[in-house]
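All chains should be built: construct the whole structure from the sequences, respecting the hints.
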Amino acid sequence: MRLVAHPNRVEIARYLLSRGLDSETLVPSEQALSLPAAHERVAIEFPDGLEPQLSGPDDPPDADSPLPAADAVVITWTVDELAGLARVFTPGQSAANWTGYSHQFGTFAPNIRPTAPSAHSKRLGSYRQVRIGNLNVLCFKSELHLNQDGVRRQPGTATLPVKDLFKQIIAETGARYVITTGTAGSVLETCQLGDVVVTRAAKFRLRQEFRNEPYNDQVFTSDWTIPTTHLEDAEALMSTFSNKIVEPPFGPPTTNFAFNGPPIPPSEPNAPDIKLEQDGRDLPEWHPILTTDYFEYGTTTNKLGDEGCGVEMGDAALGLACSELAEPPHWLVVRNMSDPLINGQIPAKQYLLNEQTTWAVGYYTSYGEWTSVMSAFATWGVLAGISQGD
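Letter 311 of the sequence shown, counting from 1, is numbered 299 in this note's numbering, and no numbers are missing.
Think of the hints as simulated: they come from the structure by calculation, not from any bench.
Treat the hints with care, as some may be off.
[Said to hold, decoys possible] Taking lysine to any residue pairs in the SDA-like style, the calculated list, with each CA pair at most 20 angstroms apart, reads:
#1 Lys110 to Thr87
#2 Lys232 to Pro253
#3 Lys155 to Tyr203
#4 Lys232 to Pro257
#5 Lys232 to Ser354
#6 Lys155 to Ser311
#7 Lys110 to Gln156
#8 Lys232 to Trp347
#9 Lys155 to Gly88
#10 Lys291 to Asp270
#11 Lys232 to Asp211
Just so you know, these numbers come straight off a predicted model, no measurement behind them.
Structure (structure tokens):
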């Protein structure tokens, strides 16, 4: 039996994808991307020669220009994820200053619904060039999303302009490697808040506006060997921010409950680690990320971990795009657990308040930026290995 998602979760997805956008321009707001004060910044001790270095021209090109050439492209999605990526890849530089990108926006516009943020901003994204060792890397923040843009065609089918954006990015940069990174919901008891999954596979798990598309339930894979020599370095760097992802103390929301003691104290900080499917090291080999068209999350009872290693809202579109190319790049999904596995025993649909959804959304909005720092370090670890030919 195919389960149907609660319709409100489509709007929750769109809210989370739009969170942090300027209310007038609908591009990432400078306030949401503001840098911490100098005395609050954590020094990041990258291995010698492998720290990200800003590159590219002093005068950035116009937004209508094609993307510059790159060896690798790192793509992220929300403002929280962008802030986390910038902390690692452009430390001390606000992502609010990244170069806007709208090349050939007019060809995308008919396939973007009028109320989508990109329809207002007329942008496809923003980017910043960096170097890691001898590798030219383009960091890209997408303004298109599977859950935001689709124009309805028939019941259960809609346009997917983000797939075409992937193709355009690949064609213009000539990148040999494309990595999508950002937040995900944990579906495994072994994946705690802040842990990162790394997989060469992605599966569509669509139940709403894309449920009748022919690619639904398909798995896409990228067959290459991920370099692992710098993943331990990445985990060591992740540990320097572990104090940012301590789960909160909690208690009943009102005094009407029998429990009237002080809040249960927070958990011990999780030492975040990287879980890789390659060779079945930490996960079953080719265990895919799950891409949904609504806000989904893993619980102790829905067993999404049997299908994949995390749940998010976009990555399988990259696999689909690459499957349509004659010479696709190597691609990879690097996702952090911004919400841990939710207790399936707490109420979900019995009452007006869906406690499971409340917790899942609350975790993301509280920890999304800091857990995204973790996946940014894991992404750096992969790129550092590529740059050294590992």
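Open item on the list: For a quick check of understanding: which of the numbered hints are violated here, in increasing order?
Closed with: Number 11 - this is the single hint that the structure violates.
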